[in-house]
Amino acid sequence: MKAAVLALLALLVLLQGTWLPNVRVFGVMPDAVLLAITSWAVLLGGVAVVPVAAVAGVALDVVAGTPLGQSAAALLVAVLATGWWRGTILYRGIGIYVVAAGVATLAYDGTLLVAMQTFHQLVNWPVALRAVIAPSAVLNGILAIPTGYGCAWLARRLGLLHTVAAARA
Amino acid sequence: MRIQSLLRWVALFLMGSFGLLALDNLHMLGRYQGVSKVVISPAAELASDAAGRANGAWAAVNSIGDLNRTNQRLRLENQQLTQQNLELAALGRENASLRRLLDFKQMYPTHTYHPASIIAQGTNNLQPMLTLDQGAADGVKAGMAVVDSGGLIGQVVRADRHVAVVLPIDNPASNVAAYVNTGTGEPSGVVQYEPGGGLVLNFAQAAAPLRVGDWVLTSGLGGTFPRNFPVGRVRDLSQRAVDLFQIGLLSPAADIENDRLVLVVTDFVPARLPAEAP
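Taken in order, these protein sequences are the chains called Z and B.
Take the first sequence: its letter number 23 is residue 143 in this note's numbering, and every next letter is one higher.
Take the second sequence: its letter number 233 is residue 238 in this note's numbering, and every next letter is one higher.
Do not take every clue at face value.
Here are a few chain Z residues that face chain B, going by a calculated C-beta distance under 8 Å [said to hold, decoys possible]:
#	residue
1	Leu188
2	Ser191
3	Thr238
4	Gln241
To give an idea of the interface, some chain Z residues facing chain B are shown, with a C-beta separation under 7 Å as derived from the structure [what the hints assert, rightly or not]:
#	residue
5	Val183
6	Gly185
7	Thr186
8	Gly189
9	Ala193
10	Gly230
11	Leu232
12	Val247
13	Ala251
14	Val252
15	Ser256
16	Val258
For the record, the hints were derived by calculation from the structure and aren't laboratory data.
Since this is a predicted model, take the numbers as computed values, not measurements.
Glycine is no exception: its CB is placed at the ideal position from the N, C-alpha and C atoms.
Just chain B, with the same shape it has in the complex (with noise of 0.2 Å):
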């Protein structure tokens, strides 16, 4: 009875389906397609984009999987890239101060150096001091100069065999001989470093023609540096007018606190003097 009755529905679809064609192939639907178009159209847009969201969805669920690899890859490409911008800025900077020792040397050729980096300095405020990684088994002896590419750093006051301790001329137990270039003379004077007031050219002749901006040398005087290394610049001067000597305030000519690359002169020890003779 069912199947009966499920035959003679197939049967029924089956020939509308077939009227429907030989209808249409007789063109005599078209009018009838127009309103339906119409009326479904809307309804078929709607069906469409919902479809067409819910295969973008079911495409993004599929694609997790691919955009969580696709992202840790590029995190870990963006760190190294990072890390590469760091060592590059470093490479950068290192590249800049060696060129800029290069030029100090290519200054002063007549004195042989040797490149060390400074691994530690002083541990408290009011005495600075420096350690060199360079030490005695790399030709460093106690009492060679020390430069950067600024001017005069210190002095090595003790090698061991793979570190140096420099004595910084911001340190006040430092002195250093020096001159000043004023373009007519050379009036000498001392310099020294006095906590909280920087470096202080000492015991320059009261007549003596010095100017803001002149550069202060090494002198040699003495034996303990060589000449002609700069030592800074002075940036104020004074004398009362019962002063002996002028006062003069410099502006360092090395950059101490900053510079990790110095040059230790290993041409010059300085000189034992007569006094000091066993």
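One chain only, chain Z, in its complex shape (with noise of 0.2 Å):
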């Protein structure tokens, strides 16, 4: 089950640093480890995903070549930031996975302006919104749909949601 789970991870943080980055739509690409991280956030909890969301952070990294860490800590501040709110509103239907996506794109770029912002890089927060993190939540909203949709097919054949379920109970 979880063998299934990281394979999958693992498979999209190759796709992440190989074949995504020459798809680009609105003029960035899809974050698709955001998405399925955010799905499962959605899915099972926040704070169920946390795990997850360190390793594939790392291993976004470590395929980057970006700091090691930075991916991490910023898909952890997406994930909480998805998490908090799940269960409170629109907690059925098409729209959860829309919101979470936009949410989670807005915490996990922000995250990553604010550190590199840290570290004395040249950021204009105002451009950066309006060109880069604005398209990407549009395009991860979309594209949230069969994500999300995805997951929870997957999340009820690997009996992840019943799990969570008796876990709560």
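Hints are included, so try docking the two chains, each in its own frame, into the full complex.
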């Protein structure tokens, strides 16, 4: 069960670093790993996905050559930002994945920008928000629908939803 | 009784046939033959047509097996040709890319280069990174500049045994000391990258005569990059009256997003400035 999830994540990380940079829509590439982890967070809860997000973040940094831990931190913030309001609004229906992806993108890219600014890199927030983060949130929001349903199907197949429900009970 | 009757009929037909044959030889049936042809020929034509169709249908039925085999062979050939076409197109693109790299090497012959392919890129939209398929085992070291056929791509920041990680100039962490080739002087500045905004030339003197279209080249100041590699061209300039510096927006000289083949400048390793020396 866990092996299947990890294998899927490994595949997504490789795709994120090799193929997806060539797939540009609205000038940005889709964040496949972020979308998958956000969908898992919606389905299973933010806290349950934290270990997966940490592992995926480190893997992303290894593949890209970015400072180790940076993507993990951004993914954790995104997962927690997605998880805290889960169950309060829009819990059911297609909108949950779209809203979650938008919020997660803002949190993920926002965290990266804060990290970049901390290291004295050139960051123009209004421009970055308009030209990178907003298109990215829209693209991820669109792609969140198939990703969310795919993850829900996989979670049902792997019996993860029952496990989480039992743990909560 | 039956046999006798049969023999009688056979004898009658034989006699009739011989009689007709004799009459025909005496040319006494010509008129009747013409009449019979007029009567019979439409039916004969119809019969012939039907027979032809039946033959065609039979031949078609017989040839279905052949057609299937031919179809399969042609499909296979078509697949092979399509594959070859794609391979040729890819080779053509690679060839064009290599030619451009060769042109670049000829334009800058004072350096030595090592070819490499980009095998991975950044994993988020804000911090592009590149990974090359050549590493320390191939002579690639941290600090070496990486170029493509258009100009500067970035700098190797980590060289593992078989791969190297490159900080491209379109990463906000990149700083490239550069000068602007104005024709009359060489005002200098620093090329940085602004997420969403593109390449920016910062810290160019306010009075410097910059123009849109000017080439921006590496200055070599700080010893980080070799001098005179193209970085980009000025596409827009901005300066307020109170500013000490001009800001130039640049179009990158290198095709960072699309080029997969690059050159590592192997004869240049950044100088260690006195402050950094042990």
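Worksheet item: Hint check: is the beta carbon of Leu188 of chain Z less than 8 Å from a beta carbon of chain B?
Response: Nearest chain B Cβ about 11 Å off; hint violated.
Fill in: Hint validity - Thr238 of chain Z Cβ closer than 8 Å to any chain B Cβ
12 Å, violated
Fill in: Given hint Val258 of chain Z near chain B, where the shortest CB pair must fall under 7 Å
12 Å, violated
Discussion item. Using the nearest Cβ pair, does Gly230 of chain Z come within less than 7 Å of chain B?
Written reply: 10 Å, violated
Item to complete: Closer than 7 Å between Cβ atoms is the bar; does Ala251 of chain Z clear it against chain B? Give me holds or violated.
Response: 3 Å, holds
Worksheet item: Holds or violated: is there a CB of chain B closer than 7 Å to the CB of Val247 of chain Z?
Response: With Cβ-Cβ at 4 Å, under 7 Å, it holds.
Worksheet item: Can the hint on Ala193 of chain Z be confirmed by a CB-to-CB distance to chain B that is less than 7 Å?
Response: Since the shortest Cβ distance to chain B is 12 Å, the answer is violated.
Item to complete: Under 7 Å, Cβ to Cβ, is where Thr186 of chain Z needs to be relative to chain B, so tell me if that hint holds or is violated.
Response: 6 Å, holds
Practice prompt. For the hint on Gly185 of chain Z, just tell me whether its beta-carbon gets within less than 7 Å of chain B.
Written response: At about 3 Å, which falls below the 7 Å cut-off, the nearest Cβ of chain B leaves the hint on Gly185 of chain Z intact, so it holds.
Practice prompt. For the hint on Ser191 of chain Z, just tell me whether its beta-carbon gets within less than 8 Å of chain B.
Written response: 7 Å, holds
Worksheet entry | Hint validity - Val183 of chain Z Cβ closer than 7 Å to any chain B Cβ | 6 Å, holds
Worksheet item: Going by Cβ atoms only, is Val252 of chain Z closer than 7 Å to chain B?
Response: Holds, because the Cβ-Cβ distance from Val252 of chain Z to chain B comes to roughly 4 Å (cut-off 7 Å).
In this structure, the hints that do not hold are numbers 1, 3, 8, 9, 10, 16, in rising order.
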